[in-house]
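S.K.: Chain by chain, the residues run as shown.
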Amino acid sequence: MKIRANFSGLKKTKWHESLLRFALGGMITVAAGIIAKRYGPVLGGLFLAFPAIFPASATLVEKHEREKKLKAGIARSMRGRQAAALDARGAMFGSVGLCFFAIIVWKVLPMLQAPVTLTLALTAWLAMSFFIWRTHVCSFQKRHGEKAHQA
Amino acid sequence: MGALVYRFIVGGIIVSVFAAAGDVLEPKSFAGLFGAAPSVAMATLTLAIMREGKAYAAVESGSMIAGALAFFCYACLCTWLMKKRNIRSTVATVSAMVLWFTFAFGAWFLFLR
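Residue numbers (the numbering used here), protein chains in the order written: chain A, 1 to 151; chain B, 1 to 113.
Source of the hints: derived by calculation from the structure; they are not laboratory data.
Heads up, the beta-carbon is just placed ideally off N, CA and C, and yes, glycines get one too.
Treat the hints with care, as some may be off.
Heads up, incomplete: computed chain A residues facing chain B, CB under 10 angstroms, no partners named [said to hold, decoys possible]:
no. : residue
1   : Gly25
2   : Ile34
3   : Glu65
4   : Ala91
Given these sequences and hints, build the entire structure.
M.R.: This is how it looks when you write it as structure tokens:
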């Protein structure tokens, strides 16, 4: 299965949906800072992995897929929820990568410069998430064939 | 107040960039990785390093591990609710937040407090 960049996906997202995600991202960053200041960095640190953007993303995926089916003349379809479930499965793999991100910052930050550590951790997040996703796709294709996963 | 506005803007921009990457990439399951991108962490840690120092940010990262494990359980539950129970994504993702809070605060109470 090939990874593609489809820039028409950006056009599907309306300005108020982008604004909502911006606001959610901003609010949780502010909240994480306030909690860390009030209750200390240990409790505040939990919120660095808060699923701030995922609910909005999954809802948008379902909505866009439903609209696509409606345009094709299919009034009722399970496709929207199935697409959102696929998005959630991706987030599941991403969260394992998130764990590696945290471990690297935790262990490496005291030794290396901050920009180097954050770049290293971000690379580890992407590499681990991609590796787990790829492994899952390969094993699924072995069992069910390529078309089954794309559906 | 100025610091909070700055934090809000930095957080909003970083989260929006990762969300846009998720919109552009296909297939859906790969784009979903960006739903768990370390966007809030990047924003918060950058600001924490600048204001409080590296040691403070490292402590935050240590407890972020518990938050990330809670996120994994949360995403598993969301997948199951939408795929197997056919529950609307809004309802599934919002109601499953209870699991994230329970797991994250449970881990904090048992191991990090």
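S.K.: Please go over all the hints and tell whether each is borne out by the structure.
M.R.: Structure-based check of all given hints:
Satisfaction of the interface hint for Gly25(A) is found here, the shortest Cβ-Cβ separation to chain B being roughly 2 angstroms, below the 10 angstroms cut-off. Interface hint at Ile34(A): satisfied, since its Cβ lies 8 angstroms from the closest Cβ of chain B, which is below the 10 angstroms cut-off. Given the 10 angstroms rule on beta carbons, the hint for Glu65(A) holds: about 9 angstroms separates it from the nearest Cβ of chain B. A hinted interface residue such as Ala91(A) counts as satisfied when its beta carbon comes closer than 10 angstroms to some beta carbon of chain B; here the least separation is about 4 angstroms, so the hint holds.
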